[in-house]
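Q: For any residue, its number in the working numbering is found by taking its place in the sequence shown, counting from 1, and adding 3.
Don't read these hints as lab results, they were simulated from the structure. Heads up, the beta-carbon is just placed ideally off N, CA and C, and yes, glycines get one too. Heads up, a few of these hints could be off.
[What the hints assert, rightly or not] DSS-like cross-link-like pairs, simulated, lysine-lysine; straight-line CA separation at most 25 angstroms: (1) Lys58 / Lys94; (2) Lys27 / Lys69; (3) Lys40 / Lys94; (4) Lys134 / Lys27; (5) Lys28 / Lys70; (6) Lys28 / Lys55; (7) Lys125 / Lys70; (8) Lys125 / Lys69; (9) Lys70 / Lys40; (10) Lys125 / Lys94; (11) Lys94 / Lys69; (12) Lys125 / Lys27; (13) Lys134 / Lys55; (14) Lys69 / Lys134; (15) Lys125 / Lys55; (16) Lys134 / Lys40; (17) Lys134 / Lys70; (18) Lys94 / Lys134; (19) Lys27 / Lys40; (20) Lys27 / Lys94; (21) Lys55 / Lys27.
[Stated by the list, open to error] Here are the in silico distance ranges between beta carbons for each label pair: (22) Thr138 / Asp81: 28 to 36 angstroms; (23) Asp82 / Lys40: 36 to 44 angstroms; (24) Tyr21 / Asp82: 37 to 45 angstroms.
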Amino acid sequence: MELTAEWNKDPNAYLKRYYTLYYKKEDNLYVRQAPNKICVLGLLEASADNIKSIKFNTDLIGQNIKKNTVLCELTGSDDQTRSVHAFMEGKLLEFNTALTDNLDLLFNRSLDYGFLAVIMPKHENSSIQLKEYQTDV
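Assemble the whole structure, with the sequences as input and the hints as a guide.
A: Shown next, in the form of structure tokens:
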């Protein structure tokens, strides 16, 4: 099909076509929102120099979360820990547990395979849910 021909050349073409991308630069986060309003949360930039491990709060899967809910903790090469918050309300559907075995996805594929979590937002109106995010980098 002509619509999908570009997907073989650019694997992110599908994401660009069907998902709206939002940024929260001050917190180094992005959200990709699907047409069904499900949100994929990830880090905008991650450096192998400053992240050596990730620990997900797996007890939260299937639970309702708030903006200040800590989804995971990133431990740096200096052994400092940084918490990643949800920054949205909704139900946590899943974590990308592939990151626990392959942090390289976080560094080299953060906008697709290196996402952190999938969240069903509390509000269907994205202007409410994502009001702190912007659409331009």
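Q: Against each hint, give a clear statement of whether it holds in the structure.
A: Evaluation of the provided hints:
1. Lys58 / Lys94: Between Lys58 and Lys94 the Cα gap is close to 19 angstroms, so the pair holds against 25 angstroms.
2. Lys27 / Lys69: holds (16 angstroms)
3. Lys40 / Lys94: Distance of about 12 angstroms is within 25 angstroms: holds.
4. Lys134 / Lys27: With Cα atoms ~10 angstroms apart, Lys134 and Lys27 stay inside 25 angstroms; holds.
5. Lys28 / Lys70: This hinted pair holds, its Cα atoms lying about 16 angstroms apart.
6. Lys28 / Lys55: Holds, at about 22 angstroms.
7. Lys125 / Lys70: holds (11 angstroms)
8. Lys125 / Lys69: holds (9 angstroms)
9. Lys70 / Lys40: holds (17 angstroms)
10. Lys125 / Lys94: holds (7 angstroms)
11. Lys94 / Lys69: It holds: about 9 angstroms lies between the C-alpha atoms, which stays within 25 angstroms.
12. Lys125 / Lys27: holds (19 angstroms)
13. Lys134 / Lys55: violated (32 angstroms)
14. Lys69 / Lys134: Measuring from Cα to Cα gives roughly 15 angstroms; hence the hint holds.
15. Lys125 / Lys55: Not satisfied, since the Cα-Cα distance of roughly 32 angstroms exceeds 25 angstroms.
16. Lys134 / Lys40: holds (14 angstroms)
17. Lys134 / Lys70: holds (12 angstroms)
18. Lys94 / Lys134: holds (18 angstroms)
19. Lys27 / Lys40: Holds, because 18 angstroms separates the two Cα atoms, which is no more than 25 angstroms.
20. Lys27 / Lys94: Within the cut-off at roughly 20 angstroms; holds.
21. Lys55 / Lys27: holds (23 angstroms)
22. Thr138 / Asp81: 28 to 36 angstroms: holds (34 angstroms)
23. Asp82 / Lys40: 36 to 44 angstroms: Holds: the Cβ-Cβ distance is about 38 angstroms, inside 36 to 44 angstroms.
24. Tyr21 / Asp82: 37 to 45 angstroms: Since the Cβ atoms of Tyr21 and Asp82 sit about 40 angstroms apart, the hinted range of 37 to 45 angstroms holds.
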